[in-house]
Amino acid sequence: MFDRLTERLDAALKKMTGRGKIREADVDEAMREVRRALLEADVHFKVARSFIAAVRERAVGKEVLSSVTPAQQVVKIVHDELTELLGRETEGLAKASDGPTVIMVIGLQGSGKTTSAAKLALRLKKAGGTPLLAAADVKRPAAVEQLRTLGEQIDVPVHFESAKSKPEHIARNALDKARKDKHSAVIVDTAGRIQLDEELMEEVRRMGKLTKPDEVLFVADAMTGQEAVNVAAEFHERVPLTGLILTKMDGDARGGAALSIRAVTGVPVKFLAQGEKVEPLEVFHPDRLASRILGMGDVVTLVEQAQEVIDEETAQRLEEKIRQASFDLNDFLEQFNQIKKMGSLSSMMGMVPGMGKLAKNPEVREALTDKNIGRTEAIILSMTPAERARPELIDGSRRRRIAAGSGTEPSDVNQLLNQFKQMQKVMKMLSSGRMPNVPGMGGMFG
Amino acid sequence: MLNRLKNRFRGKSVEEGTEKSRRGFGSRIAAVFTRSSIGDDDWEELEDLLITGDVGPEFALDIVTRLRQQVKDEGIKTPDAMLAAMQTLLIEALDAGSGELAGGHGPTIVLVVGVNGSGKTTSIAKLAHSLKRAGLTSLLAAADTFRAGAIDQLKIWGDRLDQRVVAHQPGADPAAVVFDALGAATAAGVDYLIIDTAGRLQTNRNLMAELEKVVRVLNRADAGAPHEVLLVLDGLTGQNALSQARLFGEAVGVTGIILAKLDSSSKGGVVFPITEELAVPIKFVGTGESIDDLAVFDPTEFVEALLRRDE
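Sequence lines, in order, name chains U and E.
Using our numbering, the first residue of the first sequence is number 0, and each one after it goes up by one.
Using our numbering, the first residue of the second sequence is number 96, and each one after it goes up by one.
Only chain U is shown next, with the shape it has when bound in the complex (with noise of 0.2 Å):
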């Protein structure tokens, strides 16, 4: 399901000619694959509506950027504008001015309440805080003692009561309880309920009424559905929320529910829960959310550091030497070089697009360590000039040469001057049809 988005608009865009400026009917299709990706994320389909009508606008008559490909550019705006609406800067929590402060999490059964409620306290215990954890679900069975559990396991106390006394009591107590023994905060951990449930829904507006809370956390399943937007809103409206907490993001969830939750309440993403063990919640990145809701490889930040590092005019000369299939291993060498300050050869095969999958294979990660890496390296730099430029001079003799030259054995150097072949090979294809998307990167991988 990943990276698609990406293929596809490559796909829609392969009309676009390499240059120029997107064109309105170029958009079209390229939308269509959009809409899609965000559906496919759970994305509510209204906001995808008004999503899609306010990147057309963004995207028409945009000049493509000459290192980058038409789909590449309109997955930018796509991307930029997505981060924009998430929020573009990661929200705080809000503090009592005075006492501990209030912090009241709610949501759906299920939906990770309790687990994001320990987690909480322990990100508060290690800036430094002192929370204090109130169990005030009573329903389901057995929940007061997983938080008590869960409270012993991150050392900070819980405030609990038996299964009759009333939710908002227990709020309430704690409270008091905090502020006598001085806590720096107390976290309400409630029991789940479906807004639709009035008798519920009063109690938590109740809860609200009695505590006062400075925030009230809606803790949102990532894996949610088209409905995630009805609950938000029907809880919004009982108990004004503050901020979400995002969980079971440590699955292959594309998290669309977020970005209609807040569209349509407004209501920041605060945190990330990733994981059952209790360790601190996250802060919440829009830009990466972003992707993941395009389904796509990190292409962005790849982009965006291939426009910093790959110098133009080196880029083209490579693009011409590949057009000519006069790429020989002086210029595989250079573009080592260019790769290289890119970052880790293995954390940026995770941002391409149909890379990711490959990148977490154990042997393509062997090849791509340092050490293998380092090893092709001396190889090269072993050889002549002219053997660079012609590798078919070396001969037996010259093998072991390079071999001692670098510290390798011969099969290690013919196993390069293999694969060089193979990818010059590659290259010719590729000059007869289109370039790779970034230079170098299909050489590399071909």
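Hints are computed from structural coordinates only; laboratory data are not their basis.
Positions of the beta carbon are idealized from the N, C-alpha and C atoms, including for glycine.
Zero decoy hints are in this set.
One-sided and incomplete, this derived list gives chain U residues near chain E with beta-carbon spacing under 7 Å:
1) Arg35
2) Asp41
3) Gly109
4) Gly111
5) Leu149
6) Gly224
Not close to chain E: a few residues of chain U, all C-beta gaps over 10 Å, as computed:
7) Val59
8) Arg87
9) Asn329
10) Asp394
Below, a list of computed lysine-lysine pairs in the BS3-like style, where the Cα atoms sit at most 25 Å apart:
11) Lys176(U) - Lys163(U)
12) Lys138(U) - Lys227(E)
13) Lys163(U) - Lys250(E)
14) Lys276(U) - Lys250(E)
15) Lys276(U) - Lys308(E)
16) Lys165(U) - Lys250(E)
17) Lys179(U) - Lys208(U)
18) Lys125(U) - Lys276(U)
19) Lys138(U) - Lys250(E)
20) Lys165(U) - Lys176(U)
With the hints as your guide, set chain E onto chain U.
Frame of chain U; chain E shown alone:
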């Protein structure tokens, strides 16, 4: 078995359960068909409406394309006939073989799996309760040894339902719990052994491997076991449910789905692409918060309830 269970279920029917959730869904779909002429925009609107039911963009497009073709080919004119045609297409999409719960193995072993918070433990309680009402005995295995409070949660249910629960300490090897529970279930001669497992995201390799190990343990003891592997899906889940069904299926061979939490505003439309792609039958639907609220899934009933117009 199916009928026997069905008759004993006294809970809310799927219809009643989804009543709240429809909230005009059926009416809005029906309204599209009543327009004097139905053009591209109307078909697109129908597609969007289906998408709000979480059926996914691909399935929505596919169904609308097929319906359009059928309307054209067969010269369907009346709104009611169009609605009926769509209903038939939707029901067909849910045809994935028998929805019957396996039975008659002494004991029939039911492994319940799913992501965190999907409603496994509650669904197990409901299942044990309905089996009990059908005159069948169960033993519950607390193989979720990971989540704090999970064992207690199942034990509380066991007490309430008067069903025995086999449990180890928190952090114990789930496979060991299952092994013991199997011995106890066989010795006690119960009809069903229902195994609660820890919630896990389908992408977590280690935890999926742990689940595979549980299956191996069962398999060694009884070549046919587990007789059922039920995947519990949260009815509110969107397109990720497909990935859940795929990956749990690959790891442990899901034989049926419990669609939980259909009592909220969820429509559970993701079951359409799931059954179409994977041919895994939906077996039960959790329709409410009461212990009685588990219904045997019936495709026709489900689709009719989904499309029913508001009064």
